[in-house]
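With chain A's structure known, arrange chain B on it following the hints.
Going down the list, the sequences are from chains A and B.
Per this note's numbering, the very first residue in the first sequence carries number 1; after that it's consecutive.
Per this note's numbering, the very first residue in the second sequence carries number 1001; after that it's consecutive.
Hints should not be assumed to be uniformly reliable.
Over 12 Å on every C-beta distance to chain B, these chain A residues come out as not near it, computed from the model [claimed, not checked]: (1) GLY40; (2) GLN81; (3) SER86; (4) GLY187; (5) LEU219; (6) LYS228; (7) ALA274.
Pairwise CB distance ranges, derived in the manner of DEER restraints [claimed, not checked]: (8) A/HIS161 with B/ARG1194: 26 to 34 Å; (9) A/GLU31 with B/GLY1279: 47 to 55 Å; (10) A/GLY187 with B/PRO1127: 40 to 48 Å; (11) A/SER86 with B/ASN1035: 38 to 46 Å; (12) A/HIS161 with B/GLU1117: 30 to 38 Å; (13) B/GLY1279 with A/HIS263: 46 to 54 Å; (14) B/SER1193 with A/MET247: 57 to 65 Å; (15) B/ASN1035 with A/LEU42: 51 to 59 Å.
Short derived list, chain A residues pointing at chain B, Cβ under 10 Å [said to hold, decoys possible]: (16) LYS90; (17) ALA94; (18) ALA107; (19) MET115; (20) TYR155.
Just so you know, the hints here were simulated from the structure itself, not pulled from any lab data.
Glycine included, C-beta positions come from ideal geometry on N, C-alpha and C.
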Amino acid sequence: MKLDAGATVPHTTAAAGAVWAPSAQTGIWVENLSHRFVGGLLAVKDAKFAVTAGEFVVIVGPSGCGKTTILNIIAGLEAQQIGSVSVAGKAPKAGRFDIAYMFAQDALLPWRTVMGNVLFGVEVRSEGGQLPKHVYEEARELIAMVGLSGFENAYPRQLSHGMRQRTALARTFLMPSPVLLMDEPFGALDAHTKLMLEQGLLRLWERDKRTVLFITHDLAEAIALADKILVCTARPGSIKCEIPIEMERPRNIGALQNDARYHDYHRRIWTELAAEMVV
Amino acid sequence: MSAMETGSDRASHPQLSKSIPGEQARARRIGAFLNACRLNINRFLILAGFAAVWWAAVEFKWLDRFFFSSPVDIARFLREQFVNEILPNSLETLLAMLIAFALSGVAGVAAGLVLFELPRVKRTIDPILTALNSMPRIALAPIFILWFGIGLASKVALAFSLGFFIVLISTYGGIRNVDPTLIRLSRSLGCTSRQQFTKIMLPWAIPSVFAGLKLALIYCFLGVVTSEMLASKAGLGQLIMYYSGILRMDAVLGILFVMAIFAVLLTFIADWIEAALLGGWAETNTQKGL
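Chain B with its partners taken away, still in its complex shape:
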């Protein structure tokens, strides 16, 4: 064929050369799967070992059951109260979180793009945004409760006030940090400003937007729980406040455990969606076997 082809044996076997990226991808997938299995087994062992030591420490009275509870007590609480308390309150919390997350995502991405397109507006309101974003949200919670009442709306408001800025900043940062070489390419090719935006800037910003969305998901969860802890009729945060008030450590720790599981699951789902949407072009956490 030609002198330009490297690895002549690969280039002269089109069939072979065609299968190589596919085979590599398959080998990588299998490798990643095995890695994930090993990782998860190790994680389980760490947690199980921790629980065993904890349980033993309480059984042998090295730790006070009143303050530290015990994995067995926690498991009992979770089993007995799952249908009555854990499930309905979890749904309450997750619903508020999802609403806040959706609003943060849509508004944050839109605001990020608008600010990028209107640099003068961005320059003008920059200090205002910084001031708003640096406000301690827990201090805003009472205001939201006054404005929106004790219920879904005030939780969503607090969570939104966290998530919105995260998505806004990551969207704006992503689109502004586009590789200058690509802008040079776009100019030399004669891209219209619309083409430059849709074919270069927007795709460039997607990984950064995703990173922001993943962070916002967790922060929306935190925002909702915080709001529930201050004043609420339902939700995991409210449940924690109730049980810590009556000194039920098994319940408090059990609910914390449920929250931790939610946080891990949400991150996992977000990683999975990210990997599915970005395809092969960006290295994601999921592909790294996390």
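Just chain A, with the same shape it has in the complex:
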């Protein structure tokens, strides 16, 4: 495994008019990260990778390989034990405003409407102050972008699973955090909804060019979204190899099936993963 980690981060993206001008300050560095759960189970062993600023990196790996643990450590939700982790040049800490974390569960507040839930993240981070008017407009725009116009005042229990997850996506993107961590956010959705949300995520990412670290076990999803795919070994998880996805952007997810490169990548990653799976 060859990692060009170090001070020389290639500044690949230069998005004009992006909300967040990507810079080396918003990258993620993980080196020699190991993690042992209470009870002695070694979940992560010597994980090492880098996400440069504005890059969309996807981690794929077999079930239970410690992907989520890595993400939790980066987010500061899990204490860091061995190795070094830095996000935008700083050590991980829970609740950093420059990190937005989207879970596999929608984690919506049942007593808030779609609008209230979308605003929740910025609301708690504005430290009690009145939200400026443009935030509401932005929220409405995001709700439209994820296809929930007309459902602003609906409560989560009135929504389908996919609609709830879209609400959570809008909540995550309303927070102006330059670093996004996404833990199988579309894992529990049907294939159709998933494709729509992936396309929507790509559009939002292309608009803002934020740094994204995305976890999935779905290879098609990984190839469609990623600049670079990190393949995880079986537990204890470490990064087995890095595969840059050299397909031009913006991508049309529906058309990827017709691209020979897509199938090459799929085969290649599948071979890497199959070696890690015990059938």
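Chain B alone, transformed into the frame defined by chain A:
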């Protein structure tokens, strides 16, 4: 617009899509109303049928009027004694119940929150609370009567000893059972502990607190009536003891009927308040058409 929008015809008609949740809500309300009508008619028919069979059984001497009375006798008693006895004694009972309920509600919610905030205190006094709560209240009644005299205070004390624990346990349980995913969200967002409490824990506990309050309402009523049956100067419980002492079945059953009506009304009012306060976010009994 965008490839993400499901149901393209809905999304491309903002007017239509806007009206859909409203229309659904209205249709649901009308449906719920019709359901409630049908339900109540059926309930009335069941009760009327029961009364008719009862009445016939007594008229044809299959049942002894002395032991079973008759719906007609009960109705006569209720009509004749409504102003003199039923009304003033009901007010007496309801007043004691309301005071006990208010005290249970305030003290129970406060104690539940305090115990949640102070886990060490909770751990320390847990067995003591369990012991107090498992004490048969009817055994406490004589003590309360000794302490507070025959009157309002002793009734309130007995009812409070029931209601307080119910509200305490449901408040504590509700706030402790908050969805761990929401706590994870709160940590990842960087909520202050105050924000976590007021924006996540407290709203999360509200349905459970309401469930406790509704239960406490009925138990406070039971507590007051029990206390009145043991020793009291006024109240429905005292009235029942008096009439059963002189073997007036029509009166005893009539007063039981009044109590049943109070219990149903109180539950109905509580459900209604709950639905009004919780709005659309939680499925309540009232919305289910009960």
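Each hint, compared with the structure:
Taking the minimum C-beta to C-beta distance to chain B, about 23 Å, the non-interface status of A/GLY40 holds against the 12 Å cut. Chain B leaves A/GLN81 outside its interface by the beta-carbon criterion, the shortest separation being 18 Å against a cut-off of 12 Å. Against the 12 Å criterion, A/SER86 stays outside the reach of chain B, whose nearest CB is about 18 Å from its own CB. Non-interface call for A/GLY187 relative to chain B: holds, since the shortest CB-CB distance, roughly 14 Å, exceeds 12 Å.
The Cβ of A/LEU219 sits about 21 Å from the closest Cβ of chain B, beyond the 12 Å cut-off, so the non-interface label holds. Every beta carbon of chain B lies more than 12 Å from that of A/LYS228, the smallest distance being close to 24 Å; the non-interface claim holds. Every Cβ of chain B is farther than 12 Å from the Cβ of A/ALA274; the closest lies at roughly 32 Å, confirming the non-interface assignment. A hinted range of 26 to 34 Å holds for the C-beta pair A/HIS161 and B/ARG1194, which are about 32 Å apart.
Take A/GLU31 and B/GLY1279: their Cβ atoms lie about 50 Å apart, and the range 47 to 55 Å holds. Range check, A/GLY187 to B/PRO1127: about 44 Å between beta-carbon atoms, so the 40 to 48 Å window is met. At about 60 Å, the CB distance of A/SER86 to B/ASN1035 disagrees with the hint of 38 to 46 Å. At about 35 Å, the beta-carbon gap between A/HIS161 and B/GLU1117 stays in the expected band of 30 to 38 Å.
The supplied range of 46 to 54 Å is met by B/GLY1279 and A/HIS263, whose beta-carbon atoms lie about 51 Å from each other. Checking the proposed 57 to 65 Å range against B/SER1193 and A/MET247 shows it is violated: the Cβ atoms sit about 46 Å from each other. A hinted range of 51 to 59 Å holds for the C-beta pair B/ASN1035 and A/LEU42, which are about 57 Å apart. Hint status for A/LYS90: violated, given a least beta-carbon distance of 14 Å to chain B, over 10 Å.
Interface restraint check for A/ALA94: the shortest CB-CB distance to chain B comes to about 5 Å, inside 10 Å, so the restraint holds. A cut of 10 Å between beta carbons decides the hint on A/ALA107: the least distance to chain B is about 4 Å, and the hint holds. Interface hint status for A/MET115: violated, as the beta-carbon distance to the closest one in chain B is roughly 12 Å, over 10 Å. Taking 10 Å as the C-beta cut-off, the interface hint given for A/TYR155 holds, the closest approach to chain B being about 5 Å.
Hints 11, 14, 16, 19 from the list above are not met by this structure, while the remaining hints are.
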